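Asks: Based on these hints, arrange chain B on the given structure of chain A.
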Amino acid sequence: MKCIVVTPEKTEIDREASFVVVPLYDGEYGIGKGHTPVVARIGAGELRITSADEEKASFFIEGGFLEVSGEVVSILTDRVLLPEQVSLEEAEGRLQKAKELPQTNSDLAAMKEKALVGARGMLLAARKWRKK
Amino acid sequence: MAKARALDKRRKSIRNIRKITRTMELVATAQFRRAMERAVSAGAYTQRIAAMVADLARAGASVSHPLLEERQAKNGAALLILTANRGMCGGYNSSILRKGHHRADELKGEYENLRLLISGKRGISYAKDRKIELAATYDQFNDKPQYDEVVKIADHILSEYLAGNIDRFEVAYMKFISVSKQTPVVETLLPLSELAADDEAGKSAESNGAEYEFLPSPESILEEVVPTAFRVKLFKCFLDAAVGEQIARRVAMKAATDNADSMISILTTTYNRARQGQITNEIIEVVSGASALQG
Numbered sequence: 003m004k005c006i007v008v009t010p011e012k013t014e015i016d017r018e019a020s021f022v023v024v025p026l027y028d029g030e031y032g033i034g035k036g037h038t039p040v041v042a043r044i045g046a047g048e049l050r051i052t053s054a055d056e057e058k059a060s061f062f063i064e065g066g067f068l069e070v071s072g073e074v075v076s077i078l079t080d081r082v083l084l085p086e087q088v089s090l091e092e093a094e095g096r097l098q099k100a101k102e103l104p105q106t107n108s109d110l111a112a113m114k115e116k117a118l119v120g121a122r123g124m125l126l127a128a129r130k131w132r133k134k
Numbered sequence: 131m132a133k134a135r136a137l138d139k140r141r142k143s144i145r146n147i148r149k150i151t152r153t154m155e156l157v158a159t160a161q162f163r164r165a166m167e168r169a170v171s172a173g174a175y176t177q178r179i180a181a182m183v184a185d186l187a188r189a190g191a192s193v194s195h196p197l198l199e200e201r202q203a204k205n206g207a208a209l210l211i212l213t214a215n216r217g218m219c220g221g222y223n224s225s226i227l228r229k230g231h232h233r234a235d236e237l238k239g240e241y242e243n244l245r246l247l248i249s250g251k252r253g254i255s256y257a258k259d260r261k262i263e264l265a266a267t268y269d270q271f272n273d274k275p276q277y278d279e280v281v282k283i284a285d286h287i288l289s290e291y292l293a294g295n296i297d298r299f300e301v302a303y304m305k306f307i308s309v310s311k312q313t314p315v316v317e318t319l320l321p322l323s324e325l326a327a328d329d330e331a332g333k334s335a336e337s338n339g340a341e342y343e344f345l346p347s348p349e350s351i352l353e354e355v356v357p358t359a360f361r362v363k364l365f366k367c368f369l370d371a372a373v374g375e376q377i378a379r380r381v382a383m384k385a386a387t388d389n390a391d392s393m394i395s396i397l398t399t400t401y402n403r404a405r406q407g408q409i410t411n412e413i414i415e416v417v418s419g420a421s422a423l424q425g
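Protein sequence lines correspond, in order, to chains A and B.
Just so we're aligned: 99 in the numbering used here is position 97 of the first sequence, and the numbers increase by one with no gaps anywhere.
Just so we're aligned: 345 in the numbering used here is position 215 of the second sequence, and the numbers increase by one with no gaps anywhere.
In short, the hints are calculated from the structure, not lab data.
From a predicted model like this one, the values you see are computed outputs, not experimental measurements.
All clues stand as given, with none of them false.
Going by beta-carbon spacing under 8 Å, a handful of chain A positions derived as facing chain B:
#1 V8
#2 K12
#3 T13
#4 P39
#5 A42
#6 R43
#7 E69
#8 L78
We put the CB at the ideal spot given by N, CA and C, even for glycine.
In isolation and in its complexed conformation, chain A is listed as follows (with noise of 0.2 Å):
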């Protein structure tokens, strides 16, 4: 199964992976050998992928899509991030920041909400990551 995942600058990772869990916008979604296709919205969080040879990785993903056909999971995303590349300050600021936004009417509220779940994805994942 191979695992690509793209950002509009460039492709980030090619890899052949035996698993890959990807946290979607209600949670995570984990992908076998053989997975039924798929296409699905991604949150943001945490991208594990386990290496054929077992060996795992962890990415900060936020915002996109996986579509999963035969073989191939591809996720499209607008930004990946190394752990060490993730700060709690930072997952922290923006979570402040998103919640100041205007809700007027129903886009600009989908933009906040948009907003919030990038900047809580992140801070999940910051924390674990601080914890290891």
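Replies: Here is chain B on its own, set in the frame of chain A:
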């Protein structure tokens, strides 16, 4: 000897200028290659988005979204002009500014108010000289536009558009057609005309025809795809502009180097002639002096 020495001095200074323009040409070539690579690697994302939209359409999701609808209201419009931060790139900046300025005048007639946004120091100083009011200026983009930076602008425009402050958003930039051809264009990004990005991307994005499961639903995914498509489209404009700038600079600097070369060869000929003339003169003087003594 005075004339020959002046010629030699000029030739030396032209040689120095040639060295500078030649270096700039080489730098522009390297930067062009980098910018081009970025533009190509950004294509992967666009293609996959286009493929996804095709899958969604097949799954029966009706392709409708507030960002796709043409608005009747003509309250406000925004025009973003992408220029370079630096000069020395031939007619690159002036051709975009001409195109953008022309379009701005048209939009002013159609819409009640127009917000002009300019990226690039060249464009900003152009507006300053003509006392044109700008809603926003950006000068953080150079040969490597960052997606994160572009998204900030895109999201600002999106929120203004959704709040109803602007009804149309256009970008004037140098569109990359091929290495030897770029043209200044004005493109309408909002409302988005079509989702499938570029025609080529849509065609090459052949789907494998699998039956997809959509989480949470095709409509919800579409809702997310549309703003993403807008952001990526704007990002592509910036990438194209960066590539165009480097090509223009390379061409301009190549022309400057060639001009310096031909000037140096002309000056060398003139200098040699002047030197030879002087020597001939001196010989004549010596010979005529000697023959005067003999006589």
